[in-house]
Amino acid sequence: MHLPGRKNRDSTAFAGRGMTEPALVRWFLIASALAFLALFLFVPLAAVFSQALEKGWDAYIEAIREPDALTAIKLTVVTAAIAVPLNLVFGVSAAWAIAKFKFRGKSFLITLIDLPFSVSPVISGLIYVLLFGLQGWLGPWLQEHNVKIIFAVPGIVLATIFVTFPFVARELIPLMEAQGKDEEEAATVLGASGLQTFFRVTLPNVRWGIIYGVILCNARAMGEFGAVSVVSGHIRGSTNTVPLHVEILYNEYNYAAAFAVASLLALLALVTLAVKSVAEWKMRKEA
Amino acid sequence: MLLKNIRKIALVSLLVLSFPLGALAEVNLLNVSYDPTRELYQDFNAAFAKYWKKKAGEDVVVKQSHGGSGKQARAVIDGLEADVVTLALAYDIDEIHDKAKLIPENWQKRLPHNSSPYTSTIVFLVRKGNPKKIKDWNDLVKPGVAVITPNPKTSGGARWNYLAAWAYALKQKGGNDAKAKEFVTKLFKNVPVLDSGARGSTTTFVQRGQGDVLLAWENEAFLAVNELGKDKFEIVVPSLSILAEPPVTVVDKVVDRKGTRKVAEEYLKYLYTPEGQELAAKNYYRPIDKKVAAKYAKTFTKVKLITIDEVFGGWRKAQKTHFADGGVFDQIYTPSK
Amino acid sequence: MALHNKKNSVIPGFGPTLGYTIFYLSLIVLIPLSALVIKSTDLSWQQFVGAVTADRVLASYRVTFGAALMAAAANAFFGVLVAWVLVRYRFPGKRLVDALVDLPFALPTAVAGITLATVYSSNGWLGRYLEPRGIKVAFTPVGIFVAMTFIGLPFVVRTVQPVLEELESEVEEAAVCLGACRWQTFSRVLFPTLLPSVLTGFALAFARAVGEYGSVIFIAGNMPMVSEITPLLIITKLEQYDYAGATAIASVMLGASFILLFAVNLLQWWSRRYAE
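Line by line, the protein sequences are chains X, V and G.
Counting in our numbering, the first sequence runs from -10 upward without gaps.
Counting in our numbering, the second sequence runs from 2 upward without gaps.
Counting in our numbering, the third sequence runs from -1 upward without gaps.
Incorrect hints may have been included.
Said to hold, decoys possible - Below 16 Å or equal to it, Euclidean Cα-Cα: the simulated EDC-like pairs (lysine to aspartate or glutamate) are:
id, chain 1, residue 1, chain 2, residue 2
1, V, Lys254, V, Asp99
2, V, Lys318, V, Glu96
3, V, Lys129, V, Glu267
4, V, Lys54, V, Glu96
5, V, Lys259, X, Glu133
6, V, Lys187, V, Asp140
7, V, Lys102, V, Asp257
8, V, Lys64, X, Glu174
9, V, Lys129, V, Asp257
10, V, Lys172, V, Glu228
11, V, Lys134, V, Glu27
12, X, Lys44, V, Glu228
13, V, Lys100, G, Asp240
14, V, Lys321, G, Glu164
15, X, Lys95, X, Glu166
16, V, Lys172, V, Glu311
17, V, Lys254, X, Glu133
18, V, Lys51, V, Glu267
19, V, Lys55, V, Glu27
20, X, Lys91, X, Glu10
21, X, Lys170, G, Glu164
No lab work stands behind these hints, which were simulated from the structure alone.
The task is simple: from the sequences and hints, build the whole structure.
As structure tokens, this is what we get:
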């Protein structure tokens, strides 16, 4: 990873004696890391694309341009566009409170933030059904006032926020803790306001963490299946997200189209890589 | 001043926007259905839209929602605004009455033939050439035969599979409940994978190459053969099977609120017309209309069909004895105490 | 809960950030989850205990938590390795590999399950080589492990990576100057610094694996007592309109995950204090 204008962190920087491993060890480590990734990641990924292109490019493009697929893509983008910024604001504020201050019950709070990870996606959908469903606490009232939450877009957004809740916070907390608070303290003593301190001192130090967090949060938001499936109602052409659309196609024995649409989500990882690289390049130019 | 202008513009644009919408009187229906009916209702919705435009001059758009039958019923109970439900078994629709009172208790009496415009049954799908020589239910319990079926606890179709096997054992010479239980236990000992839904099982059998025989809805078996390879699979119809009646109903509370009762009722009635029956038969559901049935007699092998009411005393009872927690199906898998 | 101790910090913003954190946390997580727990109290205590300690449920805890633990352990080990390789070494295709690590998040879990089942079943790309050697992956508990490893893979990599990147090379240089060999530098200097993030990643991967449903059911085989996971039993209960029973099992899982996560977080907190 090149950090622009700062320390160069490639192996070259550690080239001094004892600062890196002998070539043999290095290649062995690379090889075993890649072997692990191959078994659990590359081969399945290759399978997705090979199945997606089984019927050729035309079928691939057709599957993606189909109106139901387009509606699903739109809904997924809208959902992520709401969920990710909300969780970003939360993540930064939680990390600030947790990493820069001492208070009782901190571990407890962190654990609560982690909790949505461990909740089965099925349950994360169900809790909103229990709250807003017709048999739930608020359901009858909502129906009376003609407000639709579950089996409509708000429910999908809520479930997505829930499952991606911890990502940004979890990425930032260890990072901001590892950095300590000397720099922020110095800035404050020199008269900077809280926001100034954050934007001028903290943010430059943690921007990679934030970018990682947002990328993960976004990827998961777009890929979530279980929780959204419970609250979506699966109405074709209106409440299906991309993952749900994939399931529908798959269940129609339309395997090639299913994997074609799924490969869009896999491509997402590659697109975010491009975004990351461009941002890096720009910053380096500025430096 | 500026504010006033903005308001004016907003008002005008609202009018402009709402005008074409008002002119295109369009009715929206939501049909909440189970997994295997996708193809059927795709055809049927298009046909109905045409029919309704001619009859009432209204454009009707029917939206579809598919999923496991039980899951779909639950969504309706929890507030999914279905105008009509077309599910796999009456028990699931009963629950919509029991749990949410969205329909009257006698819903099944409102349309002919137990509100089931088409029927189906359970058949076997085997690999080409039938290498394990599977002809009937008793071939399924032989050692070395791997049977693929979804989990009856999570799949409506699998419940029909299970009950058909039970009924077969019961109808053999000297058959009784104990023997039937033994038979079904042996059968499930031959099941290597229990998928949660019917389509998952089909994929496991067809794509993953697991198992020697798939227990499936008749229409699913036809679809699998046609979509996935005529040269790879064969359908075997056993000596006895179960009459599966997938029922339909209007969801009263929803259509009354949305004001769609009339068109929703017509939609279901259209299923019973010769056109509707034809579409059902084309999608491999057994039509109840005599004429259409005669026309498609070649497609559907004659088989002795038992009904759930005569053998199991109705769905509620069957559900309670066999599939509820601690029921017979659970006993098959938990070590006896 | 959070009585803060302002005198040891001059940095502003504690009140608003913590306040907002707690507000948002309550709104999105705590209130909905309490609905779950309250629903489970529809059952009497005896019914509750009966529901959560039935034989099949107990067997499913063993399968779920066992496989999740193994998967998280595998991810912790290989995650550090992958992060290390990605941060410290150069090799062709490194950036591509870096991007692909996030894939398990982006791929819908159902697709992941279907794909893994395709790859690892007896006629799949990997399965056809594994099966003749007696390693049956798809439709066995091993399949559950594979699916859980897949979905938890990014966690350790992505929590360790930024910490590793921000690590000052001075510390290592100092260690080297003091005569430490490479392994000593790693085990004595680097590893303790990385440990909190490794633990975080481990806990997250574990927690995620425990709740996983979509990808596991396609590859697990779902045989009662053998390869049936707890979330599947929750679904089974839901299919029978037994919301109370479903929420009872869900509450137990929630409690167990909470305790485990809490333990890891305490351990971290303690190790940091010890380090200071």
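Tested hints:
1. V/Lys254 to V/Asp99: 14 Å, holds
2. V/Lys318 to V/Glu96: 13 Å, holds
3. V/Lys129 to V/Glu267: 43 Å, violated
4. V/Lys54 to V/Glu96: 34 Å, violated
5. V/Lys259 to X/Glu133: Given pair V/Lys259, X/Glu133 holds - Cα atoms ~13 Å apart, limit 16 Å.
6. V/Lys187 to V/Asp140: 11 Å, holds
7. V/Lys102 to V/Asp257: Holds: V/Lys102 and V/Asp257 sit about 14 Å apart, inside 16 Å.
8. V/Lys64 to X/Glu174: 59 Å, violated
9. V/Lys129 to V/Asp257: 51 Å, violated
10. V/Lys172 to V/Glu228: Distance of about 35 Å is beyond 16 Å: violated.
11. V/Lys134 to V/Glu27: Roughly 54 Å separates the two Cα atoms, so the pair is violated.
12. X/Lys44 to V/Glu228: 14 Å, holds
13. V/Lys100 to G/Asp240: 11 Å, holds
14. V/Lys321 to G/Glu164: With Cα atoms ~61 Å apart, V/Lys321 and G/Glu164 exceed 16 Å; violated.
15. X/Lys95 to X/Glu166: 13 Å, holds
16. V/Lys172 to V/Glu311: 12 Å, holds
17. V/Lys254 to X/Glu133: 13 Å, holds
18. V/Lys51 to V/Glu267: 13 Å, holds
19. V/Lys55 to V/Glu27: This hinted pair holds, its Cα atoms lying about 14 Å apart.
20. X/Lys91 to X/Glu10: 38 Å, violated
21. X/Lys170 to G/Glu164: Holds: X/Lys170 and G/Glu164 sit about 15 Å apart, inside 16 Å.
Hint violations for this structure: numbers 3, 4, 8, 9, 10, 11, 14, 20, all remaining hints satisfied.
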